[in-house]
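Here's the letter readout for the chains.
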Amino acid sequence: MDYYLSVATFAALNVILAIGLNLISGFCGQVSLGHAAFYGLGAYAAALASVAGVPFPLAILGGVLVAGVFGIVVGFAALRVREDFLAIVTMGVGFLFLGAVRKQPWLGAEMGIAKIPSPLDKWGYAALAIGAAVALVLLSLHVRRSWMGRAFGAVAQDEDAARTIGIDVAGYKIAAFFIGTAAAGLAGGIYAHMTQLIIPDTFNFIQSITILAMVVIGGIGSTYGVVAGAILLTLMPELFRFINDYKLLVYGALLLLVMRFSPGGLAGMIQRAFGVRLA
Amino acid sequence: MMLLAGERLSIAFGGVHAVEDVSLAVAEGELVGLIGPNGAGKTTLLRLLTGILAPDSGRVLFEGRDITRMPIHRRAQLGFALTHQIVRPFRDMTLAENVMMAAAGGVTARPWRALAKVDARGARERAMALLARLGIDDAADKLARNVPLGYLKRMQAARALALEPRLLLLDEPLAGLNAAEATRFADLIVELNAGGITILLVEHNLGEVTRIARRLLVLHNGSLLAEGEPRAVMARQDVRDAYLGEEAHA
Amino acid sequence: MAIVPAVKSATALLAAAALGIALAAPASAQNIRIGFHAPLTGFAASDGKSALNGAELAVEQVNAAGGVNGRKIELVVQDDQAKADQAVPLANKYIGEGLKLVVSGSYSGPTRAAAGVFQNAQIPYVSAYAIHPDITRAGNYVFRTSFMGEVQGRAAAKFVGDIMKKRKVTLVTLNNDFGQSLSAGFKEVAGKFGIQIASEYTYAMGDRQFGSIVASVKRDNPEMLYVSGYFFNGGPLVAQLRAGGVTAPILGTEGFDTHNFIKIAGQAAEGVMITTSLDRDSKSPEMRKFIDDYEKKFNTPADMVAASTHTAIKVAANALAKAGADDPAKIRAAIAATKDFQVATGRISFNELGEIYKAAQIQVIKDGKFRHQATIDDPQLLAPPTK
Amino acid sequence: MYYVELLLVGLIWGCTYAMMALGLTLVYGLLRILHVAQATVFTLGAYIGLLAANHTGSLAAAFVTGALAAGALGPLIYRLVYQPILDRPPFVALVASIGVLVAMEDGFRLLFGPYGLSFENNVWFTTTYSFAGMTVNLVQVWMVVAAVLLLSAFAVFATRTRAGVAWRATVSDPAMAESFGISVTGVRYVNFLIASVLAGVAGVLVGLLNNLVEPGMGGVIAYKGLAIIVLGGLGSVPGTLAASLVLGVVESYGTVFLDKLLDRDAIAFLFLIVVLMIRPHGLLGAR
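Protein chains in written order, with my numbering: chain A, 1 to 279; chain B, 280 to 529; chain C, 530 to 916; chain D, 917 to 1203.
So here's chain A without its partners, still in its complex pose (with noise of 0.2 Å):
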């Protein structure tokens, strides 16, 4: 039971993550593949609060806020290099948050911060964290119906031809980059109380692509189907565990093969074979 709870969990959180990356990459095109650093920016800010003895609540609210901050000054960065130049520094910025951490000792640098207070049991955790997931499609769902949403398209689509229609370009990208960041840091907060102990490679490059690709599967821009990417992201290396030599071989085998017969991901799948259009 607790281990399907643990992969539950860690399910959600991965949910959350993708959506939050969805929101920025998907609906909005600005391309990240920094997302990580985020996700640990909510974690480190969470667990130093809740070691400095603020309540629980309060430490992931900080964790969240943190994150979005920090999202606000990468969504600036967005205004001035675009596309593959801004890829590359939102990877850059995925470097540069660890490496800077590797070397503060207030950081707790290479051996992490460990005995974070646990206000919660498994079941707690596993509730919070579905919850936010399920509350983070909600959002993510109203987005895409609303206003906001469609200005996101028209920015993702031709931000040029946006802003000559009045559209507020630098605005949503900040936006975007503001809830997308900050859904990663609350994914942050509640992993870094769950363990009760983060090190700074949780939050690598590899973790950035990991969220990338769970998008990417799952079908860029379309909420249900990235939720079906992180779920199948996250259940692939627990259902491949009897293959433990050849695990990472067939994940690359995976994603390439995902990519070349089905851009479009699970989404562009079910387009396909059903007609129909996922939101």
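Incorrect hints may appear among the rest.
Cross-link-like lysine-lysine pairs, in silico, PhoX-like; alpha carbons within 25 Å at most [as the list claims (entries may be wrong)]:
#, chain 1, residue 1, chain 2, residue 2
1, C, Lys697, D, Lys1176
2, C, Lys792, C, Lys826
3, C, Lys916, C, Lys868
4, C, Lys601, C, Lys859
5, C, Lys818, C, Lys697
6, C, Lys601, C, Lys812
7, C, Lys716, C, Lys916
8, C, Lys916, A, Lys115
9, D, Lys1176, C, Lys716
Using C-beta positions, here's what the derived DEER-type ranges look like [as the list claims (entries may be wrong)]:
#, chain 1, residue 1, chain 2, residue 2, range
10, C, Asp810, D, Ser1068, 51 to 57 Å
11, C, Gly774, D, Ala976, 25 to 31 Å
12, D, Leu1054, B, Pro350, 55 to 61 Å
13, C, Gly774, A, Val69, 33 to 39 Å
14, C, Asp906, D, Val1057, 43 to 49 Å
15, C, Lys818, D, Leu1027, 30 to 36 Å
Partial pick of chain D residues on the chain C-facing surface, computed with a CB cut under 7 Å [stated by the list, open to error]:
#, residue
16, Tyr918
17, Glu921
18, Arg1025
19, Tyr1031
20, Thr1043
21, Thr1044
22, Thr1051
23, Arg1084
24, Asn1126
25, Asn1127
26, Leu1128
27, Gly1132
28, Gly1135
29, Ser1168
Source of the hints: derived by calculation from the structure; they are not laboratory data. All residues carry an ideal CB built from backbone N, CA and C; glycine is no exception.
Go by the hints and put chains B, C and D onto chain A.
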């Protein structure tokens, strides 16, 4: 008071003066044509007026208010609309959705307000009315990537009109259209102007522009060469030379 | 149409998955199953391989000697990719499968994360070679059969200051938990042994080119170098230091304790010393048997990681023999009561925190082989923490 | 002298980066793909070269076989992975490329073992030259020579040969090139071939330099190569060369003087971010 004025605008790229010391003014209700041979600086001047480029020196005034450093989307919100020389539709949206994006200016101006609002019926109605006015409502629900250029040019005009602009800047709206299409589109421009929208038109199609504009500005080598009533301007020797020079070089 | 191949491959994968589960499930119910996780894939796969080899050898030796109370033991192996977040579901999976004892053949990240889970579930957990001090602090169900990074660093300082009599020392530290804790232990007691830290440089796990560090070390001109790392970055580092003209003696760490280090560094490895818990010149029969059997079974010389997991499995089997295989609380008590148990890496006795005291071995590379150089046996200096 | 030595170290690193990043730039310039899988081409070159060297005892054999193996793999990746998805958004190719990298890295581990392999007789590595208190080994010398030679050969190819002219025409406007009768497909294969051969040679050189060939050795190229081509202005060959050398030098000084604040990767990326905030299209980027 002039609706739009450029005062002594200059900009240089890598030491080359693309626009040098140009002043111009457009009064409320006017239909002004801006012409000049290739490389004269027309598009650069238009970009200075719309805010895509910031001038090295000089000012841009809208109703006497200095808007030189104002971001583009804020100008659009003031009633300052433009169409692009190369059409820039949102390709994965339908024509109606393209126009709706502009029609909902009040809602989309602020991201957080946009998040609170889902209802699109009002915007849809206005968009459909504009598409009908431009005669392309039959393709309203087709994706922009799937419709021909003539439709996109009109859609772009509809999108600009959806902003309820007071000033419309048109960058070569007739380019790429055949003669019949161009004439029809030019008539539409006159009609819009008659409806109360001030228009500044950058155009290469001299026949149409002299036909519909009431005043012409001629740009040459980044400076204003001539200005006045179309037929009189076109009769001037220096204007003819400027255009002939272009041909001689070409 | 393109969906067809995708569906085909997905079906094939599902079929493979079903087959795998079918194959994995029954095994042999009579065997005593011990959980064992290691980084079999990912950047640490080389240590994962050695870890698994060492553990498998221990299982083979235990079973060949009649098993535990007449039953054979077997490993339930999981890959953790050396990732902390992989370790939590993995630990829960072991618990869900009803395992009563788990051994970590992995690094500190996953081992720390799993330690908390096993402590909460009251399942005994033995860490073979992860160095982080917090591991055993997870609680009384967690044990470690190797020494901590800080302790090893302290032993290094004593060797440099007391035995080599070197005063001016430069540290080149791998920037991960292993390197940082070694460096911290060394610096903690350096002053006591009259050592003055001339300078410290750090490098990252993925670095293989160290030109700027070599240039800096040459400028600092220390009397001795204390270098942490693993064979795959330490090998190139030592080679480049020597090629760059640095002649000062080098003291490395147990991360270099594999013949792969010598293969990479070649001639430059000669004379390099390391702190480790494996004494290749030891006369202890357990040690000799481990070294010989390992080379015979895997056709490659044994290394420190393999010796460590070998030790951990031996300690686990010993406890199972005393406590039976059914009650985790009894198994825990039996591990805690381990007293002077002789294994390849020395004698094992746990203190109240679940840590052991071991003398540190200093080995030197001579003619392409690790040989005995010195033993640092200082129960006070090398005392593991008790809380 | 110390500072000069750090500069020299940085320039040698820079040459290594240049060899690895040039292929990425060529692919990006032509197809707008961030070709992360170039790292596996590089690693394959190193493995095959090492096996050949240990088998025959000849380093020349190592370079020839390494370059051949790499030269075969690169175009194969283009044919099987990229070509079918060229009209898709760029991240599709990026993720597919990452998939290739992950799978092949693990494939190398399964095939050649997790410990990595070393050269049995790496004479270049042990041959050193000292001057003015500085020491370099023969691999480093060859690294610089190879970078200069191969990159000049490429410059000659691009400007003086028919194939090179076709290549440049295709880079600047594929549709126009096609209308002049240039086989765009052919140009793409040649492009991947050149990029891959460079990577293969770089792989053997780096293998010699570290005296270690390991499954994950392409990891650095996978992300730092991207940083370099972006820093250089994406698709600009001179920009990539400049960025490689500059980044090598920045890292050389940075790893010593910023040691307490940031690690090597973070220093490189901090530099990249600062440059891009000032020049959004890179050091030598157009626009």
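Here's how the hints hold up against the structure:
no.	hint	in the structure
1	C:Lys697 x D:Lys1176	holds, 21 Å
2	C:Lys792 x C:Lys826	holds, 20 Å
3	C:Lys916 x C:Lys868	holds, 19 Å
4	C:Lys601 x C:Lys859	holds, 19 Å
5	C:Lys818 x C:Lys697	violated, 40 Å
6	C:Lys601 x C:Lys812	violated, 29 Å
7	C:Lys716 x C:Lys916	holds, 22 Å
8	C:Lys916 x A:Lys115	holds, 14 Å
9	D:Lys1176 x C:Lys716	holds, 16 Å
10	C:Asp810 x D:Ser1068: 51 to 57 Å	holds, 55 Å
11	C:Gly774 x D:Ala976: 25 to 31 Å	holds, 29 Å
12	D:Leu1054 x B:Pro350: 55 to 61 Å	holds, 58 Å
13	C:Gly774 x A:Val69: 33 to 39 Å	violated, 49 Å
14	C:Asp906 x D:Val1057: 43 to 49 Å	holds, 48 Å
15	C:Lys818 x D:Leu1027: 30 to 36 Å	holds, 32 Å
16	Tyr918	holds, 5 Å
17	Glu921	holds, 4 Å
18	Arg1025	holds, 6 Å
19	Tyr1031	holds, 5 Å
20	Thr1043	violated, 9 Å
21	Thr1044	holds, 5 Å
22	Thr1051	holds, 5 Å
23	Arg1084	violated, 33 Å
24	Asn1126	holds, 4 Å
25	Asn1127	holds, 5 Å
26	Leu1128	holds, 5 Å
27	Gly1132	holds, 6 Å
28	Gly1135	holds, 6 Å
29	Ser1168	holds, 5 Å
Checked against the numbered hints listed earlier, the structure breaks hints 5, 6, 13, 20 and 23; every other hint is satisfied.
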